[in-house]
Amino acid sequence: MTAIIQLDRINRIYKSGDVDVHAVKDVTLSIAKGEFVALMGASGSGKSTMMNTLGCLDRPTSGTYLLDGVDVSHLNRDQLASIRNEKIGFVFQGFNLLSRTTALENVSVPMFYRKKSFGAREEKQRALKALEAVGLAARADHKPNQLSGGQQQRVAIARALVNEPAMILADEPTGNLDTQTSIEIMGVFQKLNDIGITIVMVTHELDIARYCKRNIIMRDGRIVADTPVANRLIASEEIQKLHLEQEKARLVS
Amino acid sequence: MKIFIVLKIAFLALMRNKMRTALTMLGLIIGVGAVIATVSLGDGAKSQVEAQIATLGQNVVLVFSGSWTRGGARGGWGAAGTLTLEDALSIQREVPDVVLLSQECRNSAQIAAGNENWYTTILGEAECYLQIRQWPLEDGTMFSAMDVRSAAKVAVIGKTVADKLFPGSNPVGQVIRVKNVPFLVMGVLIPKGLSVRGDDQDDVVLIPYTSSMKRLFGGTTLRSMIMEARTTKALATVQLQINNLLRQRHRIIPPADDDFTVRTQEEIAQMANGASDTIRSLLFAVACVSLLVGGIGIMNIMLVSVTERTREIGIRMAVGAHGSDILMQFLTEAVSLSILGGGLGIAMGVICSRIMANYKHWPVLTSPGWIAAAFSFSALVGIVFGFYPAFKASRLDPIDALRYE
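Listed in order, the protein sequences are those of chains Z and U. Counting with our numbering, you get residues 50 to 302 for the letters of the first sequence. Counting with our numbering, you get residues 1138 to 1542 for the letters of the second sequence.
Simulated from the structure, these hints should not be mistaken for lab results. You can trust all of the hints, since none of them are fake.
Just so you have them, the derived chain Z footprint on chain U, three or more residues with Cβ under 8 Å:
1) 1453-1464
2) 1530-1540
Calculated lysine-lysine pairs in the DSS-like style (CA-CA distance at most 27 Å, straight line):
3) K1183(U) <-> K1497(U)
4) K1145(U) <-> K1529(U)
5) K1139(U) <-> K136(Z)
6) K1301(U) <-> K1290(U)
7) K1529(U) <-> K64(Z)
8) K1290(U) <-> K1329(U)
9) K1139(U) <-> K173(Z)
10) K1139(U) <-> K165(Z)
11) K1155(U) <-> K192(Z)
Virtual Cβ for every residue (Gly too), placed ideally from N, Cα, C.
Start from the sequences and build out the full structure, keeping to the hints where you can.
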């Protein structure tokens, strides 16, 4: 299997006043194409810094980072922006959609910054296809304030998909959602992973991590555990279980 | 393609907060509007003055005799009568670029015709005077060179004089009496209107200068001369040559003051325009200040806008926007704001000057040049004052921007 992400002795040191904060220490990691990884850890464990580094929003202080075969450790701001545009789809905890802008236009934003434009018609088709993939084609003309949290996160996932990136990077994608919606979103991710899309997500919820295929746990800037998920949860089954439980609860009361 | 989307984003951002956008533009609207209105008025007044100067003739050179000083009292220009008929002859002989020359005596007298009378200016001139002034006759003919040589008792009268002395009848062929000397009216001049100084140019009686000197007012010297140079370019040379010639003839050695003055039409126009040029530069200063204030308003609002939309900037950067993309977006917004304000200001200025033209009957001239200048200046204000906020936006760190609450 070819590696999408290849980290080699990555260090990230922040200068905070006179004190050096060593957020990531000597991390070496490889993530292959088609994997579904959960990156976990308590706050201050360095997982956010890892996430920013993986997402090419930040550069490591030392070490090399090969993303889809490209060494991105020494690129400048604009080069990193182009890499993000081509190879990474972002999903955030707070959805981060542009307000007062329709779902379709939100999904189209990454295409606007492509080096080679598709042209208006092709862009619209691609945006619609991405919305279809997350089951929201019917809401293309809705604005974020007309959508539920789960729907907004689906729009964000569609936006992440639209440039056909090498991987999707999700930062606490279920952090703002209730249990059932969280499972639904994990269902969307599982479906996308089934068709071969690599997903890396940061989460601190253990049960959410169980929907992934591989769990990496960080503490004090180091990877302390890296295990495949033994009893992987399948979103569609969990939803059914949840419905059954709700049914039971109703019968009892 | 891309520019349309950038424009659309800018437009939506401006529409999001209509009141704020309107107030920001107000600074520019008032500034540009005031400039356009006042410049239109200034240009209108200037064109009126220029039209009046043009009534003088073309490439005209005037020579006045100097003033006398007697017992501390100084006479005005022309009082001393230092110009002689020989001076006129020598100018004609030695300054080749002078194509026409008319000797001039100016006096005032009570004149009468029938039972009407009128106090007016009696201008003694040569036969070429009307050619120099480019002043056509309404009726009749000008007196001839022969009339000038023989000091004939003939006159050509201005429209005002004609109306006063001969109301309702044709003056040509009739007789006017100047100081009891009868003069035959040969022609009536076309009205020329007011001069630069504001006096009625048509309130005049033209007679041969010889007649004026010999038959009416006596004297052997000329008050002034009016002449036409061959070309506009020759004006300066002609002025210099006349100066030198008359100094030589009058034996004036440099530290002593000239007893005559040579003025060209160009100089007169410059003097008349001096005032409007001062007003113009004042207006320009006011325009700069108002545009500066408007620009600061734009910068202020753009800084607010950048802060408000930090998260949006973070999102756009995360999905691949370069710094230059963000810079362009905010610059477009600032320039749209300033161009819109400038455009509305121009419209307001034009409307205001039209209103003044219609209700106050002030001469108004709105030149497309000023409109274009105002327009490009407001665009420039947008670029200059929008640059710093846009640059600030483009340098944001995507991680911080995404985290911004």
